[in-house]
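These two chains come separately, so use the hints to put the complex back together.
Residues per chain are reported as follows:
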Amino acid sequence: MTLQNATFEHHMVAGLARGRRHDAPRVVPWVLPLILVLGLFYLYPVFDVMRLAFMRATLLANDGTYTLSTLIETLSRPELGQILWVTFVFTGSSVVAQQLLGLVIALVVVRGEGRGLFGTTIVRTTALIAWVVPGIAGGIIWKMLFNEAPFGGLNSILRLMGAAPVQWLSDPDLVMWSVVLSNVWRGTAFSMVVMYAALKAIDPVLYEAASVDGANARQKLFYVTLPQLRAAILVNMILITIQTLNTFDAIISLTGGGPGRATEVLSLYTFNIVFRNYDLSVGAVLSILMLAISLGLALIYAVFLPKGDE
Amino acid sequence: MSASSRERLGDAFSYLFMLVIFVFFAWPLLWLLSLALRTRKEVFLGVSRFIPKAPTLDNFAMILSSDKFLGYLWNALKLSSLSAIGCLVVALPAAYAFSRFKFRGKGGWMMAILSVQMISPLVILVPLYRYMAAIGLTDSHFGVVMVYIALAVPTVTWILKGSIDGIPRSLDEAALIDGCTRWGVFVRVILPLSTPGIASAFIISVIAGWSQFLVPFLLITREALTPIGVGIFQYAGTQNDSSIQLLAAACLVSVVPAIIAFLSLQRLILGAMTAGAVKG
Chain A
85 MTLQNATFEH
95 HMVAGLARGR
105 RHDAPRVVPW
115 VLPLILVLGL
125 FYLYPVFDVM
135 RLAFMRATLL
145 ANDGTYTLST
155 LIETLSRPEL
165 GQILWVTFVF
175 TGSSVVAQQL
185 LGLVIALVVV
195 RGEGRGLFGT
205 TIVRTTALIA
215 WVVPGIAGGI
225 IWKMLFNEAP
235 FGGLNSILRL
245 MGAAPVQWLS
255 DPDLVMWSVV
265 LSNVWRGTAF
275 SMVVMYAALK
285 AIDPVLYEAA
295 SVDGANARQK
305 LFYVTLPQLR
315 AAILVNMILI
325 TIQTLNTFDA
335 IISLTGGGPG
345 RATEVLSLYT
355 FNIVFRNYDL
365 SVGAVLSILM
375 LAISLGLALI
385 YAVFLPKGDE
Chain B
374 MSASSRERLG
384 DAFSYLFMLV
394 IFVFFAWPLL
404 WLLSLALRTR
414 KEVFLGVSRF
424 IPKAPTLDNF
434 AMILSSDKFL
444 GYLWNALKLS
454 SLSAIGCLVV
464 ALPAAYAFSR
474 FKFRGKGGWM
484 MAILSVQMIS
494 PLVILVPLYR
504 YMAAIGLTDS
514 HFGVVMVYIA
524 LAVPTVTWIL
534 KGSIDGIPRS
544 LDEAALIDGC
554 TRWGVFVRVI
564 LPLSTPGIAS
574 AFIISVIAGW
584 SQFLVPFLLI
594 TREALTPIGV
604 GIFQYAGTQN
614 DSSIQLLAAA
624 CLVSVVPAII
634 AFLSLQRLIL
644 GAMTAGAVKG
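Taken in sequence, the protein lines are chains A and B.
Each residue of the first sequence is one higher than the last, beginning at 85 in the working numbering.
Each residue of the second sequence is one higher than the last, beginning at 374 in the working numbering.
This is chain B alone, in the form it adopts within the complex (with noise of 0.2 Å):
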């Protein structure tokens, strides 16, 4: 067999593997929208109207006219994108210190706020019930904002110190001969070139935010103040085979959300994440 032939060979192995692969990973989601616009009536034909006769909007209007969705969609939106700003503000200035600054224990601190990450939110779970109960902070919005900080900040500030690492340190130099203090240069040079990286780590936590299930499951009791990762899975259990239709129309507004936030930046993202994975 000549080279060229068996390299065509593996592109046809290739194009049948991602064939398969696509298949995988895209027939759950498919599936979900293909019920999620038939009538109650097509919802029992199975497969075979895998495209629906009579499609319809029914179903997401059912959802998104009641107010108790739109109540939980509101709430994770509110409590993952001030959260994502928490995060950003608690730890840019932290991740420039780590990336500008020399000091003693530095790489033993980075390593320490990674391995916080490694705790489970399930480790803390009692504690932190008991500890949010006696100082108010439960059924409190901004209880559940600080958590999620705390949960997604490690992430985030590996992230920024990686694109902030990418700034040529000669640029701060140049800043503080000129006359601007350190926080000068964090504000007027730091910020502004590492924008991908904060627009990245934004989106990640926001991300993470919406994904959400424990915390806000464990602190938030009050139905008005529930956010969505809790709202689908409560409305998940009072439904039955019948109203399948309407979980599936469910569970497509609670997840496409976090797709359309990913895929808005998903180059960046990534680029962001692998950096930090990568380099260790």
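Okay, chain A solo, but in the shape it has when bound (with noise of 0.2 Å):
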């Protein structure tokens, strides 16, 4: 830190001299603390998960020759299947959960607010609190709900209503479901807030017109809204899909995977070939493949997003 802060400074000064003498500015020694910060602590690590995925190496011992065994072996494991399925249930039921859920709050709370109905500032922030919660957390929050013990929340409720305890995380057909419900009890706060400002950007003078057209609410929402918020709602998928695809730590701490592997996601996985097995270079495949599955989202929102001026 101090060492880059010197050499920040040293350029920063340099550049204001020369700055001063013809008055173009110089962008190098403003941006040159950002780009090493990232490039030592985050890019250089990623080059180095490409060098490693050609190896032999695990914690204890590394032979240092190059191989392509280790991707052959670990794109052809017998579980890879099962995990990349458990994934993209996973991961798509809670986009498309979480987008859904937060565009229908978002409109409900757009029109309470316009008929200055109580409450909907309320439930904005309790959606917002449970979005905070750190992932870890969230997790333990929800095994507590999900107990089959006395003090779990939701069958003691069930319970009390007469109806026959849910075996929420024991059930290899259920469990998924309950992950992803406690997916997007934490998620759905970011589409909703995305919605939120989506909704309130739209030109009123278009729902006047529609008006005036003799369209009625439900129209409105087909031939107004939902269009007016297409780039809004493409955005935001792809964010939450990324976020998804790495979310790891509310699992482990829900059902550590299991029963099984019914709930181990691809992000878990290597958490666990790496910390259980140690085993880095199929570890470090495994990183490129959630890389290359990231880069590809990220190409796509990349194509989506609106040309800037610059």
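Source of the hints: derived by calculation from the structure; they are not laboratory data.
Heads up, some of the hints might be wrong.
Said to hold, decoys possible - Facing chain B, from chain A, some residues (calculated, C-beta under 7 Å):
| hint | residue |
| --- | --- |
| 1 | W114 |
| 2 | F125 |
| 3 | P129 |
| 4 | V133 |
| 5 | L164 |
| 6 | G165 |
| 7 | I167 |
| 8 | T210 |
| 9 | V216 |
| 10 | V217 |
| 11 | P218 |
| 12 | I326 |
| 13 | S351 |
| 14 | V358 |
| 15 | G367 |
| 16 | A368 |
As the list claims (entries may be wrong) - Restraint-style ranges between C-beta atoms, simulated for each label pair:
| hint | chain 1 | residue 1 | chain 2 | residue 2 | range |
| --- | --- | --- | --- | --- | --- |
| 17 | B | S616 | A | G200 | 27 to 33 Å |
| 18 | B | F474 | A | G344 | 26 to 32 Å |
| 19 | A | D257 | B | R477 | 53 to 59 Å |
| 20 | A | V289 | B | A572 | 32 to 38 Å |
Where a beta carbon is used, it is the ideal one built from N, C-alpha and C, also for glycine.
Here you go:
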């Protein structure tokens, strides 16, 4: 830190001296600290992961030779198909549910604000508080809710209403939906905020015009609101897809990936390979797989971004 | 049905929906609070004691009196606030340059910085550990803070750029004509005027640092240096059903600081975030 600041200041002074002479501002000294921090503590390891993926390295040994065998071996692991399927189901359903719920909450909140209804701020804030809860804590909280002991926050309500208790976390067919539910609880606020801002940005003239043309509420939703939200929905879906893909802390403290491998998503699988099996090379290959998926999504994101004036 | 009665029916549905949503989002945390306030005996009475008959603060006292937990909390506070400050130091000049200067490939650079954000720390887990071990930055708060900064700085740069974009350029130009240097403009004009953006960026990175799990889990092995994100995970692993009220209290203690930080500047933070997300 001190070292970087020193270099930073050195460049800054040099830059300013030059800047005074001929008025074009130097960009480099201003962005250098950012580039240094990102490069040294983030990007360098990304390049290293590429190298590692082609070696046979564990925490204990590294024979230093390059090989494709780790890559092939990792990608042909029998459980990988199951892992990817679990990842797809978890990510897909979380993203769809968060996007839909976020949009509906935003619509109701905007309508409520327009009509001066009570409680719109409370609803918004409550959702946002869930969003700030750290992943590990979120997993612990939901584990208490799903618990089948008497203190389980969901089953004890069911019991009170005379319904049969549900095996939220031990039924392999149900557990995925429990995990998705907890993820939707934590993640929806982000979509809600984005959708809310996008709704507020729609030109009210469009609604007036639609009213003049005799459109009813449903027609306004389908012919004005949703088309206007198209870009925001796309951007939001890609952002939350990447977020969800990388989620593993909320799962590790909720189910640990179980029962069996029923909720072991790719990110958690990578974590386990590295921290339980200490297999760095396989971990690196899996990391690259995740990187490829994220970058693919980021590219789609870049394509849909509005082109700026710079 | 007349227009006004249709509106009133709509209001009723809105209220019903908002109630359901409120319960969905509030119930987990209310349940956590309820468990944390119970004695061991009442924990097993389920929802009928949602409001405990004999509420107790003993669980919190127990958690907060252990040096271990105070250490976890202090470490998390230290790591997240130092990294938030570091983030601002690194991001502010860059955000100013991106907002004000014209240079080749600016849009590309902005996108490149944002795409770094999309690389999960999980991707660099393995090399990061080897790298940090090689330069002697494992079991060091300095090393962890630097990685936190790298993780949060792309978002923070975008947020600050958005906030500086909102300051009229004519102010820069007036100061430059009055003989200010670029650095002088930055320190005397831009920094004071972008306080709301700086405040929200600061809080956003504090919350991000507070929630970190993977990086400290990887880089810190000594318990004395462990922050709460990892501490609560390890604590949960050692607890069983008979001490669930203690785990609830510990969990609440780990969550509340982040919630308070967020609520303190809620409106500013949302404004700063959505400005980036909606404009792109």
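Now for the hints, and whether the structure bears them out:
Against a cut-off of 7 Å between C-beta atoms, the interface hint on W114 of chain A holds, since the closest Cβ of chain B lies about 4 Å away. The criterion of a C-beta within 7 Å of any C-beta in chain B is met by F125 of chain A, whose closest approach is roughly 4 Å, and the hint holds. With 7 Å as the threshold, the beta carbon of P129 of chain A comes within range of chain B, its nearest partner Cβ sitting at about 4 Å, so the hint holds. Here the hint on V133 of chain A is kept, as its CB sits about 5 Å from the closest CB of chain B, short of 7 Å.
Below 7 Å, beta-carbon pairs count as interface contacts, and L164 of chain A has none with chain B, the closest being about 16 Å; its hint is therefore violated. A least Cβ separation of about 20 Å between G165 of chain A and chain B goes past the 7 Å threshold, and the interface hint is therefore violated. Evaluation of the I167 of chain A hint against chain B yields a violated restraint, the C-beta minimum of about 14 Å exceeding 7 Å. Here the hint on T210 of chain A is kept, as its CB sits about 4 Å from the closest CB of chain B, short of 7 Å.
Because the beta carbon of V216 of chain A sits about 5 Å from the nearest beta carbon in chain B, less than 7 Å, this interface hint is met. Given the 7 Å rule on beta carbons, the hint for V217 of chain A holds: about 5 Å separates it from the nearest Cβ of chain B. Of the supplied interface hints, the one on P218 of chain A holds, with its beta-carbon coming within about 4 Å of a beta-carbon of chain B, less than 7 Å. Hint status for I326 of chain A relative to chain B: holds, with the closest Cβ pair at about 5 Å, below 7 Å.
Against a cut-off of 7 Å between C-beta atoms, the interface hint on S351 of chain A holds, since the closest Cβ of chain B lies about 5 Å away. With 7 Å as the threshold, the beta carbon of V358 of chain A comes within range of chain B, its nearest partner Cβ sitting at about 6 Å, so the hint holds. Because the smallest distance between the Cβ of G367 of chain A and any Cβ of chain B comes to about 5 Å, under 7 Å, the interface hint for this residue holds. This hint holds: A368 of chain A has a C-beta 5 Å from the nearest C-beta of chain B, less than the 7 Å allowed.
At about 47 Å, the beta-carbon gap between S616 of chain B and G200 of chain A misses the expected band of 27 to 33 Å. The supplied range of 26 to 32 Å is broken by F474 of chain B and G344 of chain A, whose beta-carbon atoms lie about 56 Å from each other. Separated by about 56 Å at the C-beta atoms, D257 of chain A and R477 of chain B satisfy the suggested range of 53 to 59 Å. In this structure the hint that V289 of chain A and A572 of chain B lie 32 to 38 Å apart at CB holds, the actual value being about 34 Å.
Violated hints, listed in ascending order, are 5, 6, 7, 17, 18; each of the other numbered hints is respected by the structure.
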